[in-house]
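2 protein chains.
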Amino acid sequence: MTRKPHFKRVALIGIGLINSSLARLIQRDKLADSVISFSRKDETLDEARSLNLSHEYTNDLRVAVHNADLIILGIPVGAISSVAKVIGPALKKGAIVTDVGSVKRSVIEDVSPYMPEGVHLVPGHPVAGTEHSGPSAGFPGLFEGRWCILTPEKDTDNVAIEIIHDFWIHAGMQVDIMDANHHDQVLAITSHLPHLIAYNIVGTAYDLEAVTEREVIKYAAGGFRDFTRIAASDPTMWRDVFLSNREAVLEMLGRFTEDLASLQRAIRWGDGDTLEELFIKTREIRRSLIDAKQV
Amino acid sequence: MTRKPHFKRVALIGIGLINSSLARLIQRDKLADSVISFSRKDETLDEARSLNLSHEYTNDLRVAVHNADLIILGIPVGAISSVAKVIGPALKKGAIVTDVGSVKRSVIEDVSPYMPEGVHLVPGHPVAGTEHSGPSAGFPGLFEGRWCILTPEKDTDNVAIEIIHDFWIHAGMQVDIMDANHHDQVLAITSHLPHLIAYNIVGTAYDLEAVTEREVIKYAAGGFRDFTRIAASDPTMWRDVFLSNREAVLEMLGRFTEDLASLQRAIRWGDGDTLEELFIKTREIRRSLIDAKQV
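For the protein sequence lines, the chains are V and G, in the order given.
One point on numbering: in the numbering used here, the residue at position 106 of the first sequence is 747, and numbering is uninterrupted.
One point on numbering: in the numbering used here, the residue at position 146 of the second sequence is 787, and numbering is uninterrupted.
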């Protein structure tokens, strides 16, 4: 049973793709009496203001969280620790702090030490996004039909978890609760490694001597263009993801490289059966994805 | 200056995604007096027949090419040699043979020896496609705005080249003429390697113990799903591409692996600058693609 959530005051820390989508959603569905947007950059605040995304705008973290009952951290995970340190003393008793970062163990480690007694940290990750970033990139339908993963610790307040759960359900998501370490492993393969691979191949293509950049662009329709879309994702956000989820990413990368070496050998030896067998299997996974409405 | 091409009789050898799209286009724009479809599989012919894709249908290669002035080979490149051997003696003098394969040097080597005097081979590659295959997958707009590469040899008849050039222009493509070896290098990076990488990562995800297949599917929206689309492409066609373009694919794969090792090192050492620098560069490539209208 979920209820439509309602907050007195929401503080959006960072107003990029995810938080600006939430700003629109909160406004559309009247989920809060007031919303304040924080960004450290004046130009980002100006952009948010011109889009009328919230009631107030500030570049002062303590002003942003003052009196807020919900604080949503929508910033690169590498910046979360220093933000938590600043906002900690300014948080209202009973406030819920959540985030939308793609890595969860490091967020817990970076934020928990600064949370005062009576403030509830409910780490979250809405698995949704586009390659666009900034306040203008958001739209309220971003979360529709996708999954959100919450990774509360054992001692997290159940009511706070339920409120965040209902919030994402209301945004159109399905919600799973999972251990933070497991989240980081799952996302390492479904999101972090795909991004790393995409960044890498686009970089490789760029550096070739035998093939010009112009040629790469002209003939991108053969498959390459799908990688360029992913490789256009926010550079700072993704740098932080790889650094914060280092172990799981390196583990998955190791498996990937091992498998790739075996494919390489199959090509070198002209072993068509091994290739075709894999390609038939991967096609089935696509079908499962279509059946699960996750395409 | 291009003219609308017209043929007395077109033979479509294979009636999958590309050739069935061409069948629809030829019919729509009245580019031929008659069209005959060949497939070795009765069920594929039945499917083509039920879609009313051509005037005639046959599973006999010699019947298919009899009296045809244009023969389009739309079959996996690994099957082209044996098909060329059978159709060679049955080809009409003056006929043009072209193909749509993703590898060009091997096609020239496999087909040329069987072409009789007075028959013109114009190898071609429309760089367009989807992850779907079979007669039902085609649509006449598939080629719109994309590039087609022709790789004629030095002694190829100029009139024949011009006719095939005009044919693809009429299909909505821009046409480039290129050396076959260079084509195979360019496509190795813009198409073959992306497919190999996508097949590989989907296979890796499938084989993990720590993460279930169900989890991979649920959280695919984080980037993985784009890879599953590419990794759903026709298994036989792609097996043949890797085997036929072995050298160029292995060369590009070598470069990719080298670059990946350096990214891996950057993650291990926490070298965020190297990561961010690459990610900013790859984002620019995406912008070039958007400017070139190839997204």
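The set of hints was computed from the structure by calculation and includes no laboratory data.
It should be emphasised that the depicted structure is a prediction, and the values quoted were computed from it without experimental measurement.
By construction, the Cβ of each residue, glycine as well, lies at the ideal position given by its N, Cα and C atoms.
Misleading hints may appear alongside valid ones.
[Claimed, not checked] If you anchor each label on the Cβ, the simulated ranges turn out as follows:
1. Gly913(V) to Ser903(G): 45 to 55 Å
2. Lys934(V) to Gly786(G): 56 to 66 Å
3. Arg855(G) to Glu803(V): 39 to 49 Å
4. Asp683(G) to Thr898(V): 35 to 45 Å
5. Arg669(V) to Arg690(G): 46 to 56 Å
6. Lys671(V) to Glu684(G): 38 to 48 Å
7. Leu891(G) to Thr853(V): 17 to 27 Å
8. Ser777(V) to Glu684(G): 28 to 38 Å
9. Gly786(G) to Phe780(V): 50 to 60 Å
Violated constraints from the hint list, given by number and in increasing order: Failing hints, ascending: 1, 2, 3, 6, 8, 9.
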